[in-house]
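Protein chains in written order, with this note's numbering: chain A, 1 to 196; chain B, 197 to 573.
These are calculated hints, taken from the structure and not from any lab test.
Derived lysine-lysine pairs resembling BS3-like cross-links, with alpha carbons at most 30 Å apart: (1) A:Lys-20 x B:Lys-290; (2) B:Lys-291 x A:Lys-20; (3) A:Lys-31 x A:Lys-20.
With the Cβ distance kept under 7 Å, some of the chain A side facing chain B (calculated, not the full set): (4) Pro-110; (5) Leu-111; (6) Val-145; (7) Met-152; (8) Asp-182.
By construction, the Cβ of each residue, glycine as well, lies at the ideal position given by its N, Cα and C atoms.
Okay, here's what each chain looks like letter by letter:
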Amino acid sequence: MSLIERLTDEFARLPGIGRKTALRLTYHLLKVTSQEAHRLADAIVAASENVRPCETCGTFTEVSPCRICTNERRDRSIVCVVEEGPDVGAIEATGEYRGLYHVLGGRLSPLDGVGPAELNVNSLLDRVSGESPVREVVLATNPSVEGEATAMYLHRLLAPLGVRVTRIARGLPVGGDLEYADGVTIAEALQYRRDL
Amino acid sequence: MYLSSLRLTNFRNFADERLTIPREGVAIVGDNGQGKTNLLEAIYYLEIFRSFRGAPDDQLVRFGEDVCRVEGLVGGAGEARTIAAAYDRRARRKKVTVDGVEPDRIGDALGRVGVVMFSPADVALVSGSPAGRRRFLDIVLSLTERHYLEDLQRYRQILLQRNAVLRAGESTALVSAWNPGLVRAGSRVVAARLRWVRSRRDSFAARIREIANGSDAALEFDPSLPLDEEESGDDLDRVVATFESELARTADREQRRGATLVGPHRDDLRMRAASGGHGEWVDLRVYGSGGQQRTAAVALRMVEADTLRERLGSEPVILLDDVFAELDVGRSQRILRWVDREAPAQVIITAPKPADIELRGGALPVWSIRGGHVESL
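Bound-form chain A, shown alone (with noise of 0.2 Å):
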């Protein structure tokens, strides 16, 4: 195999990433410099081998316990349950949310093998029980058909533990046209109007 190939199969087994994009950055890489190749090389070697779960909520991180678990300014009551890594960003971006997190790593999906076990619902438990000073769980899992078995899972899981268990709002995007949305985001929208 071609070192050219070589290269292209590696881009190619990215998530999103197709034949044809591959051969691009593939070209694109031929044509830079050799320090910005080793630039390109190192960030991805030293991300791989210095990025790490945190002990605590699974969130990927430098140090660990990371930078939200230990930051004193945050709330400690509260905790929110998110799938994956980016999603903390997402909420993070928006500066509303003040308490920590908790990454499960994925959400239930029997047709992929994933239950239970695939995930970090055990840590989150332990989190939880004891002497925690957790007074909320905010299931922050995605509004699709696997992120609410999940949470409902975890509800059952979590409610005996006398912690009080939040999911977030569903319903109509900000922005959106009710026209446009689907059965259930407006059937939902209105099972949980509020007042005004």
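Model the placement of chain B on the given structure of chain A, informed by the hints.
Relative to chain A, chain B alone:
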């Protein structure tokens, strides 16, 4: 609605055919195997982007080619619209466009032509398995009820996941995590089916009386959940409550069987007919004669046409594929009278010989079809 032109490229036995279709419709005659049904299949493909006979898309591509394409110009109450559908066998990709624009999801472009297809294979709607009748309901409701298809797809996805948990023999906690979603999506599907059957019962009975010269027949919903069809009140709330209690009731049994035992995936439609003079009613699937079953299948398609007409606000295109081959003369005549009465609906009808068709006083233009080529006579 009507189809004013059609272009077929590498679709079944058509290499490249461009057809201008008369407003009133056309009668297509030709021997078996020349492409009559293929032509109707292509037209129906523009309605649901699948083969009406359930053929995989691969089989629609002409032998030795990679891409098949159907394009139709559709006129109706509003302005004309071009609908096109292509399938690439190698890339396994389907592309649908409406006026050149690809919709977000193919489901968004369903039912833009407005077509009802009558086929000899329809008899299986009455005599065949419940799956065929559910498919009938699903197509009619996907074409006419705004969010039906989304609800159905969501239901199927949850059902697959839930059955995978059950098959693996997991805990009740893991199984029941899927219940709220299953009930929410499934109840919407059941409620839509319930409403449809209730609203079409009388017209089904009327159609049967019309075709079969006064015989009585009934269309009934046979849901998996114990629902009383007559009971009024809010359907959805009632279905949700029943679905929840049935899941609780069957929980032990489904653990043993490793599958979800109640829900819309087990619904059925039942067609019954009055038998003899003793006021007895029999299930046409089991006890119906061949003629009764074919009559009921035709009536079901007529009721489908009624549903589409109400949704479209205009007549659907009527496709009749060699439907009179197995019906007696009396029934055939009465069906033709219905088609005549449906005017100004466009009607595209196929038959082996010209003499088989006496539609609209013989005023329908006649085309012949041979080896995938169409010529007007």
